[in-house]
Amino acid sequence: AQRVTQPEKLLSVFKGAPVELKCNYSYSGSPELFWYVQYSRQRLQLLLRHISRESIKGFTADLNKGETSFHLKKPFAQEEDSAMYYCALMGNTDKLIFGTGTRLQVFP
Amino acid sequence: SQTIHQWPATLVQPVGSPLSLECTVEGTSNPNLYWYRQAAGRGLQLLFYSVGIGQISSEVPQNLSASRPQDRQFILSSKKLLLSDSGFYLCAWSRRGGNQPQHFGDGTRLSIL
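In order, the protein sequence lines correspond to chains A and B.
Quick note on our numbering: the first sequence kicks off at 1 and runs consecutively.
Quick note on our numbering: the second sequence kicks off at 1001 and runs consecutively.
Next up, chain B with everything else stripped away, as it sits in the complex (with noise of 0.2 Å):
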């Protein structure tokens, strides 16, 4: 069966400092893979999403960047972080081809002081 590991799940970190939030995916090959936010009262806002290996659309403009340096694997990465850049980010990933379902991971929640 597939699964999808996420972590860490807490972090807290300084402004200014770099980031790096790993994801992977077992059980499966080629998957398309997505980092959200999860905001209260906003609900999931798609930051990246990959169809393959090196291969990354970016949702919305961002302090943050995305990449994918082996199939199951996706990195969410900052080289200096904001205030604005707190909250809770939830990996997922989902089969190729049109309307799968995606699966998501248990998140991390990212504080920044």
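If we strip away everything but chain A, and leave its shape as in the complex, we get (with noise of 0.2 Å):
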């Protein structure tokens, strides 16, 4: 089955420290991964994607095939990273499998 897993609801940092967002994922194909984030009053938008191999307002993600793991990181942490991110996977169909998301904190 395929199944996207968020393990901290909330992480907290404080500004300028390093950030890691965990996701581990369950399918048994070659999935697409995405990272996703909601900022405050804003919609969900696509953050960045394993495929694009790119760094986006300083968060990378490296998929980890043996550990089938994307993590989110990002080695300095902004007061305007404070977000809610979610981890996604694509299979071999066009429908995306959402991860319960982490609430992102990061205090001055």
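Hints are not guaranteed to be accurate.
[Claimed, not checked] Mimicking SDA-like on lysine to any residue, the simulated pairs with C-alpha atoms at most 25 Å apart in a straight line are:
#1 9(A) / 1039(B)
#2 73(A) / 27(A)
#3 95(A) / 1063(B)
#4 9(A) / 50(A)
#5 95(A) / 1050(B)
#6 57(A) / 27(A)
#7 95(A) / 38(A)
#8 9(A) / 1045(B)
#9 22(A) / 71(A)
#10 73(A) / 84(A)
#11 65(A) / 75(A)
#12 73(A) / 1100(B)
#13 57(A) / 1001(B)
#14 9(A) / 1109(B)
#15 65(A) / 1084(B)
#16 95(A) / 1028(B)
#17 9(A) / 1043(B)
#18 1079(B) / 1053(B)
#19 65(A) / 1101(B)
#20 95(A) / 1059(B)
#21 9(A) / 1046(B)
#22 57(A) / 102(A)
#23 9(A) / 1084(B)
#24 1080(B) / 1054(B)
#25 95(A) / 63(A)
#26 57(A) / 12(A)
#27 65(A) / 1100(B)
#28 22(A) / 95(A)
#29 22(A) / 42(A)
#30 95(A) / 1062(B)
No lab work stands behind these hints: they were computed from the structure.
Assemble the dimeric complex from its two separately framed chains, guided by the hints.
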């Protein structure tokens, strides 16, 4: 079965600290993985996808097939990074399977 | 550029009343369309998706239904709302083809009294 697990509901850090939002998945094939972000009072939007191998707003995520993980990382958190982050998996259909989300709080 | 519109933004309805939420997409043709429910602590649950006019797939059994009367219009409906239908509903679209990211609307907060 396809499943996405985000073990942390809430992650709190101070500005300038490193951030890692964990995401593990369960899928027997080769998945496409995404990170979506929802800032306060804004719509859910795509942050990055593993196939693009790009850094967005200082965030990166590497697909680790051995550990079935797609953790989101940023070396120095900023207050404006405070938001809800969702990891999502797409298998062999056009449907996304979302994790339960992690709320990131960055304190000044 | 492509845009997605979803309305209303908020809705308060009594139990047993009907429901109609609308979603339209502009700037693209033949999109895949999706309805999700977002519940606190439970992430996004896919309710319906559509790959074309009149083609609806239901992901979970429920009191709701969806319709796609036009290529870029997706409607979420109910004949009789239940208290458990309260929640935040999101519409999304994506291009056809594999592994396309989905783009979300602003959502509708539905409260059932």
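A quick look at each hint next to the structure:
no., hint, in the structure
1, 9(A) / 1039(B), "13 Å, holds"
2, 73(A) / 27(A), "22 Å, holds"
3, 95(A) / 1063(B), "21 Å, holds"
4, 9(A) / 50(A), "22 Å, holds"
5, 95(A) / 1050(B), "10 Å, holds"
6, 57(A) / 27(A), "28 Å, violated"
7, 95(A) / 38(A), "19 Å, holds"
8, 9(A) / 1045(B), "17 Å, holds"
9, 22(A) / 71(A), "5 Å, holds"
10, 73(A) / 84(A), "14 Å, holds"
11, 65(A) / 75(A), "22 Å, holds"
12, 73(A) / 1100(B), "23 Å, holds"
13, 57(A) / 1001(B), "22 Å, holds"
14, 9(A) / 1109(B), "22 Å, holds"
15, 65(A) / 1084(B), "38 Å, violated"
16, 95(A) / 1028(B), "19 Å, holds"
17, 9(A) / 1043(B), "10 Å, holds"
18, 1079(B) / 1053(B), "21 Å, holds"
19, 65(A) / 1101(B), "20 Å, holds"
20, 95(A) / 1059(B), "10 Å, holds"
21, 9(A) / 1046(B), "20 Å, holds"
22, 57(A) / 102(A), "18 Å, holds"
23, 9(A) / 1084(B), "23 Å, holds"
24, 1080(B) / 1054(B), "22 Å, holds"
25, 95(A) / 63(A), "19 Å, holds"
26, 57(A) / 12(A), "18 Å, holds"
27, 65(A) / 1100(B), "20 Å, holds"
28, 22(A) / 95(A), "21 Å, holds"
29, 22(A) / 42(A), "23 Å, holds"
30, 95(A) / 1062(B), "19 Å, holds"
Comparing the model with each numbered hint stated earlier shows that hints 6 and 15 do not hold.
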